[in-house]
Every structure is written in structure tokens, then in C-alpha cells.
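Q: These are the residues of each chain, in order.
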Amino acid sequence: MVLLTKINLNWTERYRPKLTNGIIGNREQVNNLKKFILEKKPTILHGPAGTGKTSSVYALASELDYEILEINASDQRNKDRVLEIVGGSSKQMSLFNKGKIILIDEVDGMAGNEDRGGVQALSSLLNDARHSIVMTANDPYSSKLVELRKKCCMVSFSAINTEDIFFTLKGILDKEGILYDEDALRKLSRKANGDLRAAISDVQTLTQGKKELIEIDSVEERQKEETIFNALRTIFKSRDYFLILNSLENTNLDLDECFLWLDENLPLEYRNSFELFKAYEALSKADIYKKRIFKEQYYRLLIYRNALMTIGVAYARNGNYPGFTAYKRTTRILKYYINNQKNLKKKAIAHKLGKYTHTSIKKTLENSFDLLKILVKRNIIPSELNLDEEEIEYIKKL
Amino acid sequence: MDLKESIWTEKYRPSKFSEIKGQEKIVERVEAMVKLRNIPHLMFSGPPGVGKSTLAIVIAKELYNDIWHQNFLELNASDDRGIDTIRGIIKDFARVKPIGEHPFKIIFLDECDNLTKDAQHALRRTMETFAQTTRFLLSCNYSSKIIDPILSRCTVFRFKPLEQRSIKEIIENIAKKEELKISEEGAKALFEISEGDCRKLENLLQSCAAIDKNISEDLVYSLVSAARPKEIKEVMEIALAGDFLKSREKLLDTMLKYGLSGLDTIKQMQKEIWGLSVQEEKKVYLIDKCGEVEFRIVEGSDEFVQIESFLANLVLVNKK
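Chain order of the listed sequences is B and X.
With my numbering, the residue at position 63 of the first sequence is 47, and numbering never jumps.
Start counting at 1 in the second sequence, then tack on 79, and there's your number in my numbering.
No wet-lab data here; the hints were simulated from the structure.
In this text, a Cβ means the ideal position worked out from N, Cα and C, and glycines have one as well.
Worth double-checking, as some hints may not be accurate.
Simulated coverage check for chain B against chain X, where a stretch passes if three residues somewhere in it have a Cβ under 8 Å from a Cβ of chain X [as the list claims (entries may be wrong)]: (1) 28 to 34; (2) 139 to 148; (3) 243 to 252; (4) 262 to 268; (5) 333 to 339; (6) 347 to 355.
Taking beta-carbon pairs under 10 Å as the criterion, some of the chain X residues facing chain B (in silico) [what the hints assert, rightly or not]: (7) Q347; (8) E351; (9) G354; (10) D381.
Next comes chain X alone, as it looks inside the complex (with noise of 0.2 Å):
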């Protein structure tokens, strides 16, 4: 048992300004602000994996250095549900005046695009209680789901999917501190699976290395396709032959068995539609409908049904 191996993600994230790959213009102006020894509340947006909350906490390991944990609190408001709780603990932490002689606590609160309406005015009114002893960083995916008074009482900035250059440099060092063996195709196959997402890019890298230090493009494909069942195809085509009602109760089978979200079912039967035994202009149909189920699962509420009616949709596709 090796007791030393940590994950990846945290043992290659970034303690230092200087260590960030990526996002060189963001890092640059938050650097210049540390510096000074003030900072606005800040709005980070952005896709996943990309260093929203690496920036957030080399800020308070800049500011604070050793003393760092406890003059910052991190919050994540998908699992820390109900804004009652998150104010509660903001309350708690806020109360206390910062460890040391700095002006001001920081509180980090992640992926805050999950606080329904409500919850985003009442974090508003918190935000402007406590002005005087704490700064907010709120991290979200996207930024049109935050309500503009929270927006506008923010410095936002808008972080980007990493560059292959960037990607590149982080697998080479990686690379050399865990002494693997890349081979070229393998490292384009880790970028492109990866699609600029560091923690999707890091967690792969660390299963195959964990398999073989070897890694080639079939070990990286291998791992992929193992986390993608192979019974969501069975769906789409039990769907297609005209049985509605099979294909629901194995698609609602294989979701709970393997624990799938919607959007992780829908994105898979996106990958699977050209492999669909259809023409090949209703497969151009059918990735139209699939970008739109996609769409409405984000906006709806009960994904299921969403997905059902991309399967009413291959039916249909058939018949005609």
C-alpha cells in the first residue's frame, strides 16, 4: 500500500501565482490587486477545470501565507444547500475579526449559478452586512444565472477553456515528476478528451498512470469508453426499432444502475448517434434534437422526461 500517493489534482494544484498555466491576462490584474494589499469582490465564471477556485486560493495563501485557513472560508453552495445555512456560516466566520493584521476575511463561495433567484438577493444583503470585514469570491459556470446586483457589486472576470499549449505544459510536467512515458498520440488524445478541463485532464492522466506508466492513446481511449455503458446505445436503438416503452425502462435501468445524470446520458447518446444504424441525414436531425434536449435538460427541471422525448424522437425518426 503506498500511502504517500495523493490525487493529482491537489497535489500538482497551484500554490503560487507564478505556478498558474493559463489564463495569463486574469492572473496578471488579480496579482496586481494582492499586491496592493486590496481586492474587490470578484466574480469568477467559467467553464469547469479551468482554475476558478485555484486562483481563489492562491489569493488567500498570497494574502494570509501560513495563517491562510483561518482567514478563509470555502463554501460550495450546490452541496451547502438553502441560502439559511450559507448565511448562517458566513454569519459565524464573518463575526470574528481576521487572524493577523489584515483588513479583511475572505470568503469563497463556489458554483454559486446553483442559488435559486431568492437566495441570490439574500446573499446580496449578506454580501453589503458584512462589506466591512470580508470579501466574496463567487465562482459559477455561467454568468447569466447570477441576478445583476450581485454582478454589478463584482469585479467579473471571465475564464476560458486552457489553450493545448497550456494542456501541454501541464502533462509534461506532470509527466516527469511521476516518470511516465507519453507517446505523442497519447498526449492528443488526453487533450482532446479533456476539452481544456484541467480536473478532467489531471484525473485521467492519474487513472492510466495508476494501470500503466506507459501511456498510449489506447490506454487513454480504454478508460473512457469503460465509464461509458455500452446500454445507452441499446436504448437509442430499442427506440429506433418502435418500442417506447422497453427503451424508457431500460434507459431509467442503466441511469440508476451506473448513477448517470441526465446531461451525462444525453452526451453519450450524442456520441453514439453517428453509430446509429439511421440515414445519414436524419442522424443530422437527430443531433439537432439532442443539442435541444441537451439545451432543455440545463432549463428544465425533470430531466427524465427531457430525455424521453429525445427517445419519442427516435421513434419517430423511423417512421417517416
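Chain B with its partners taken away, still in its complex shape (with noise of 0.2 Å):
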């Protein structure tokens, strides 16, 4: 993978608590965690996303001064893996007499060919296991997990309530020196639903470059972004089929646009060559059914479009790309507009041509433009078409 010379370090890794009095919310679930991990139980946090489950592990581990060995969704976690590294490790004391913290972040996402048997691995584990062993969930009911369940014990984490998370955004505003606005700061915080990981994406994306966080001049539009900004974060970094798969019907652009999001924005995440053009051999085909769709009013290939647009891309990558893009509208469509505006005298033009020779205009341009090109540069006008003064000396200046 291509390292950029510069990442931008993500707010949400920037901000991330270093100690547990710095994690929002879910204050009881901390403690009870605290009190597992000294214990030793095997634990699993579960609750919905960006709620803290991941940081409290982190917190509390600089806190009790332990070593965190983490095995995340991007690393591959079959049988082998699993005895190999939670296996190993777990038997053998940590280097410096430090406890130690195996992390297993995401285990309901450990599925299919190559995580096969992760599992049933890891719960064999968890009986002699000398070391604390939390895992991370965001369907603790998943069936996946029936047998570590009756192993573990469970922390369930709640959403963010909305001013909580209104108040953190605007400490980090004030530590970056942005200012804001406090109603749409407010609105923000409403619209992460719970999840403060999105509304500190969120409130990076929108500030990205600037000096000041204010209310757009259109919400509707804001919150639009919002979410195709959520929908590409999605296909671009994570790894959850169904979430990824479900991403783009979540945004409230219609595919047409998702596509356009899409296109612009895909070489700004990937940068290995043969990914990128996996990634784009994916949108090329969501390309042709779209048309197919069109020509034939079958609607049923949506669903094949929607596939290669999202899972397509998502899986054209093999790891992650670190660091936080800021994503960016697509100018093509605005760029085609105003050069279509700026040929409509062309298009006039050819449509007078292209009825004296029985062409389309598309097909006027294609061939017969430049030969009235050569021949009026030269003074010589076919009085056939009737061409007014102006148009001539368009031609002329072409």
C-alpha cells in the first residue's frame, strides 16, 4: 500500500479519550468493564456504532497500565490466526510483567471463507485463557456468536444522547479554533442518531479547510452530503457486507448520483493501482446495467447495480487505506453544462447543417463540422444553409 507522505490524522483518532473520565456516556458499562478486566472474564461489549466500546478498552487499559494486543476486522482472523496470535499469547506472560489486553474488535463481522472456524477457535480459547479477552459487537444476537456468549460476559453500551455529543463537538471546535454556529452545531448532533465516532466524521468533513463551522445555506442539501459522506466512509473503509451493501439505499441521493459521488471520489481512497482498477472495472459494469435497465424498463438489475456500486468497490481493496479523506462533490456534470452552454451557437449551427444533409446534430459534429470549419475559414460560405453574420464570424473564431 502507498503510504501518503502526509496523513491527515482523523479527528476521531486525534480525539480519541486517553483516560476513562474522557469517555462520553455509558459511565456503569466502564466500571463493570473494569472490573472484568481485572477478573479476567472474557467480556463482550456490545451496543451500536461510535458509542465508545472501542476507546473504553483503550482507556482503561493506559489507565491499569496494560498491553493491548488488538486483532481488528482488517487482519485475517481463520482458526490458524486466531490459535496463532490469541493462542499464543495468551499464554504467555506479558514481556514487561504488564498485563495484558487481547482486543477482537467487530467479532460478529468474522465470517465467511476466510475467518472460517475464528470462532469456534476463539471460544475454545476463552476457558484457559491467562489474560483478559474483550471482543467488540454490534449484534451481540448474531447466531455467530451463540457459543462465545455462554462464555462471556456481556456490557451492553447505549447511544450517545444528543448533548453530550453536542457539548464534545464543540470542544474539539474550540481546540481547533473553528468557530461555529451554535444551532447548526445542534442540528449536527441531533442527526448523528447516538453515534458520536459519525458526528466528529461529520463535523471534520464540513470544516475541512476552513475556519469556521456555519449554517449552510441549505440544510436539506447539508444533509444530504451527510449522508452520501457516511454511504462512501462505508464503502471505502469497512468491511461488513450488509452494511455496505445497504449503504447507498441509506443516502437520500438516487443512484444516478451515489454513482457520480462515487466516481469522484474513488482515486482519492485508492491508491493501489491493481485495486483501483478492480474498483473501476465494478462501477463500469454498474454503468452498463444502468443503460440495460433504461433500454429494456427491466428494473429488477437494480439490484446488480447497487451490488457492483457498493460491495463491487468495497471489495476491489484487500486492507485499508488510513487517514481521513475529505470527500468531494463531482464538477464533471456542472463542467459539461457550461460547455454545453457555451456550444449551443455550435449546436444551432450544426442543426442547420446536419438538416440540409439529412444528419442528427450528434452526428453533425461528429463529421461534417470541421469541413464547414475549413471551408468558412477560407471565405468560402455554402449559401445553403443560410448562416447569419454572427454565426460566421463564430465559425470563424473557432
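Hints in hand, dock the two standalone chains.
A: Below is the structure:
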């Protein structure tokens, strides 16, 4: 993977709490977790995304001076790998005689061929572990986790309330020296729906390269962008099959617009040329489905178009690209429009020429316009076209 | 200022069956129908510039003589977008009885393959409604894009690119009338570039003649390459060097600046492949990919994304 010379640090990383008193909300849950870690009881933290599950583990580790061994979703987690990493280290003492926490992120995401046997292997290790094993999951009642659930303590994290999100965002913006409009910030906090990470990400996106967060002229427009930002982040960064597959449905943009967003921002994220190639292959095929749906009026094909745009693009990459990317709106369509306006005169002339030569405007522009240019520039004006002075001048200037 | 000058594709457009070059079998059969003064609905399918519109116009001229304009309606499906517009115009035209002692009028609908499936079904109903008083002549580049119910109502004629023999006759005829001197190599170049497309040939020939009445191979090629912006090759080279973002930016600027369509662009990219500094076997790989992209531009809807996928191929090919 190519590393960028300068990685913009993600605010969600920069402002990850160092100690447990920095954790927003879920106070009781954090205390329970601390108890379980000290008692070396295997624990599953569950709850919605962005509520501080992983952050709590890190904050506790630094408070207790424990080491953390993290296995997250971007690592391969099949049976052998789990036995090797968790199995090996869970029986070893830490190098400096410190306590050790083995953190397995998104355990409900362990699935598919790559992670075959991973959950079972993990389950068998829990009994004789000498260290604390903490797992996180979005959906603890996933059928994959039945075995694990029986052996673990469950800690349930709940969504962060809007007021807490609001004050957290305020704190961050103050530290970054960015001015803000309180109403805009409050709206943003509400929109996050209890997901603090998404809220921080959104604020970073909206203030990227700016010195203030102001009431955006059209709230509607901004909300659209917020959701498309989330969807892009899901497609470009996560590996959760269903989350990715449904990501575009949750935006209030239609697929055509999403397609343009994907196209514009894909090369900003995918820096490995093979992955970029594979992702464009998926987009290219999605585009062909669009035409087929239109031509045949057969709308079931939308499923394939959506799949190629989401998981098709997401699984073109093997790993993850670190760092924060400010997603941009496409300017291509606007440029087409401006260019079209500029070319209206040209089209009007092509229409005259086309009517006379029995061809469409499009084919005239492709085939015959250059001839007209050559003739007119040499003052040879075909009289049948009835070109007026203005049109003749226009052609001469081309 | 020479006011008499006109566009050669019109000046030299045949107006009788006997003047049409090439497509002999088709012309022969159509002429026989016209002699009986009864024609079925016709579908002309084939590449551009091979005589589809010409034959349609000749049919009208031979049937109606002086009043052919009144009994003949020409529409282009790719200009007069939307079947509703087309239906409206057709209705107005077909409602009025043919001028003179003629049993039917003719509606010539060009580039039918640009109509959606739904529009084609609507067209089929329109064809049935007015079958008593009108005959439809339809033309398209790809008959595979036309729905079966329309094809089955038409007699289908498949046009082929003009042969070298016919192209030669056309060139000689024009050279004589316009007092041009065309070298043998020049004529060969004209034939090769025109790819059997008479419209392209005559446009190119007239462009050459406007510059110099002595037409050499060099003159022909200089005009063709003038129509081919050098930026396209630069776009490809930037991609080969690994800078996708920069090459895509330049691609968009170039396409907008020259008004190039996706097809224009990919066709030129194909021609530039052999001149790129990559290994020969990689060029073969690129040719294959290029063909796939050209196909997908025809099949897809966002030509820019299709070309971007080719740029991604170029970035990749130098990394392997």
C-alpha cells in the first residue's frame, strides 16, 4: 500500500479519550468493564456504532498500564490465525510483566471463507486464557456468537445522547480554533443519532480547510451530503458485507448521484493501482446495467447495479487505507453543463447543417463540422445553410 | 466569396437509382418495388455513410417526382427526441391525404436505434394506425437494437461498407467535376481513412480541396491528424506514469475543449497505443482492454467512467 507523505489525522483518532474520565456517557458500563478486565473474565461489549466500546478498552488499558493486543476486522481471522495470535499470547506473560488485554474488534464480523473456523477457535480458547479477552460486537445476538455468548460477560453500551455529543463537538471545535454556529452544531449532533464517531467525522468533513462551521445555506443539501459522506466512508473503509450493500439506500440521493460521488472520490482513496483497476471495473459494469435497465425497462437489474457500486467497489480492496479523506462533490456534470451552454451556438449551426445534409446534430458535429470550419475560414460560405453574420464570425473564431 | 459552393455530400448525392454506387442488389430490389408503385415498410440497417438516407430520398423522388417534398417527411430520432414529439409530427403529416394521385405518403425515420424500447413500441402502434395512408422507411446502424415487432413489420435491407471499387468511382467522378488532381497515394489514403463511409470520404475530400486542388497523401493525413488532438496521448502517458488523478483531469479538459465524445476519445486512444513506450505484449493487452471499453461505451451510459476504467488499466499495466 502506498503511504501518503502527509496523513491528515482523523479527528476520531486525535480525540480518542486517553483516560476513562474522557469517555462520554456509559459510565456504569465502563466501571463494569474495568471489573471484568481485572478479574480476567472474557467480555463482549456490544451496542451501536460510535458509542465508545473500543475507546473504553484503550482508556482502561492505559489507566491500568496494561498492554493491548488488537485483532481487528482488517486482519485475517481464520482458525489458524486466531490460534496463533490469541492462543500463543494468551498463555504467555507480557514482556514487562504487565497485564495484557486481547481486544478482538467486531467479532460479529468474523465470517465468510477468510475467517473460517475463527469464532469456534476463539471460543475454545476462552476457558484457559491467562489474560483478559475483550470482544466488541454491533450485534451480539448474531447466531454466529451463540457459543461465545455462553462463556462471556456481556456489557451493553447505549447510544450517546444528543446533548453530550453537542458538548463534545463544541470542545473539539474550540481546540481546533474553528468558529461555529450553535444551531448548526446542534442540528448536526441530533443528526448523528447517538453515534459520536459519525458526528466527529461529519464535523471534520464540513470544516475541512475552513475556519468556521456556519449554518449552511440549505440544510437539506447538507443533510444529503452528510449521509453520502457516511455511505462513502462505509464503502471505502469498512468490510461489513450487509452494511456496505445497504449503504447507498440509506442516503436520500438517487443511485445516479451516488454513482458520481463514488466516481469522483474513488481515486482519492484507492491508491493501490490494482485495487483502483478492480474498483473501476465494478463501476464500469454498474454503468452498463444502468443502460440495460433503461433500454429494457427491467428494473430488477437495479439490484446488480447497486451491488456492483457498493460491495463491488468495497471488496476491490484487500486492506484498509488509513487517514482521513475529505470527499468532494463531482464537478464533472457542472463542467458538461457550462460547456454545453458555450456550445449552444455551435449546436444551432450543426442543426442547420444537419437538416441540409440529412444527419442528426450529433453526427454532424462528429463528421461534418470540421469541414464547415475549413470552408468558412477560407471565406467559402455554403449558401444553402443561410448562416447569418454572427454565426459566420463564430465559426471563424473557432 | 464564392456563393455557389455547396456541401459536396449534398451536391453529389444521387437522385436516381442509376447514380447510386454500391449496394447493387438492394438498389435493384427496391427499384423493382418502386416500379410497381407499391412498397412495404422498409428498414435500412448498416454503418454510416453507405447510402441509407440517399436511397430513401431517391425512392421519394422517383415515386413523386416534383412534389416529393410534400409527400415525404424526414425525421431524425436522435434530434427529435421523445416519441411524443415524433408521434405528434407524424400524426399531423399522416392525417392529410397524399398530394397528387398517390396511394400513400412516406415517413423516413432516421437513426431509429436511438429510441428506447418503450418508444419503439409506441412507434409500432403509430405505424399500424397510419398504415393505410403512409409507408415507413426506417434506418438504423444496428438492427439488434430494434425490437422484433418492428423488424417483423418491415422488409429489412442490410447495407455494407462501400467497396474500394465504388469509393474509387466516387473519387474519380468528383475529381473530374471539381478539377482536382489526386495522386495515387492520396486516393489510397482517402479510401483507408474513409473506411467505406461515403459521407466521411466526401467531407474529407472537400476539406482537402479547399486547401489545395492538388491532393497528396500528406495533405490527406495532415487534415486527419489536425482533427486528432495530441493531448489524448499525453493523457495516456500521464496514466502510464502512475498519476491517475492528473490524467483524468486532463482527459475531461481535453474532451470538453475539443467537444470529443467518449467514442471519439477511445477510438483515438486505440490509435495511440502502438506509439506508447511500453512492452509490445502489454500493448496487445491494452488493445484488448481498449476494445472492451469501446464496447462498453456503446452498451453503457456514462462514457467518462468507462474511459476512466481504461486509464486505471494504463496505470496498472506499468506496475505489473
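Q: Are any of the numbered hints broken by this structure? If so, which, sorted upward?
A: Violated hints (numbers, rising): 1, 2, 7, 8 and 9; every other hint is consistent with the structure.
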